[in-house]
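Turn these sequences into a full structure, and let the hints guide you.
Order-wise, the sequence lines are chains C and G. Position in the first sequence (from 1) plus 51 gives the number in my numbering. Position in the second sequence (from 1) plus 1281 gives the number in my numbering.
These aren't lab readings, by the way, just hints derived from the structure by calculation. Note that the coordinates shown come from a computational prediction; the quantities given were computed from them, not determined experimentally.
Which residues of chain G face chain C? A partial, calculated answer using Cβ under 10 Å: (1) I1289; (2) G1302; (3) I1306; (4) M1316; (5) Q1338; (6) N1346; (7) L1348; (8) I1353; (9) F1355; (10) G1375; (11) E1377.
Distance condition first, Cα-Cα at most 20 Å in a straight line; then the derived SDA-like pairs of lysine to any residue: (12) G/K1352 / C/L97; (13) G/K1352 / G/W1362; (14) G/K1373 / C/R131; (15) G/K1373 / C/I124; (16) G/K1321 / C/I67; (17) G/K1321 / C/L97; (18) G/K1321 / G/L1291; (19) G/K1373 / G/F1309; (20) G/K1352 / C/L120; (21) G/K1352 / C/F114; (22) G/K1373 / C/P78.
Stretch-level coverage of chain C by chain G, calculated; a stretch enters the list once three of its residues show a Cβ under 8 Å from a Cβ in chain G: (23) 81 to 95; (24) 111 to 117.
Built from N, CA and C at the ideal position, the CB exists for glycine as well.
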Amino acid sequence: MESFFVFAGIAILALILPILYRIIAGPTAIDRIVAVNVIGTKTTVLLIIIGMIFERVGMFVDFAITYALLNFIGSLAAARYFDRVNPAKRFTQSEIKDQEP
Amino acid sequence: MILNIICIALVVTGIIFFVGGAVGIVRFPDFYTRMHAAGKGDTMSVFLVLIGLAVYQLSDFNMTNLLVAGKIFFITVFIMWASPTSTHALIKAGLEEGQEVWTRKNKKDTEEGQ
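Take a look at the structure:
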């Protein structure tokens, strides 16, 4: 069973490499953010598999929880940044309503 | 023994979904289609792999392993909730940034641009 976990971890690690290509060659910045988000999700799984291999899952599962939370917050912050930085942004109806006194 | 077989089946199915997501991210021509592959493939594969690992954790049943399996299940529920949310936010950011939508008409331009 342990060798199966080793092979599963190697397979997930090998699947990260084509997504690294998307980070290097992605045409726009937001493509790179998407690829980083996907790699973060894969790393969450990889951390639990590493814990299974070392038989210390109780420790590694907390790392995985933290990594998932940070990944989610990071991608949301990047999305909000791209919303703000765009000069031609059209305000939605709810935001116009908020700005009225 | 039967839990091991269930675990292996779930993890292998999840890795097949991971392959689909990776191929979609590399091969698709457009930002929106890439986002589609990333969001769906990741959510489903993480669900399958983590449920498989939680099932394997329950094969030696005691209170500590039950707690660890509950934490793994919490990560699963959190990712099922967070991955579509971040996909939606990133697609909205890309739409407001003015990304080009891929159609058959401007297919040639996109291939030249890459």
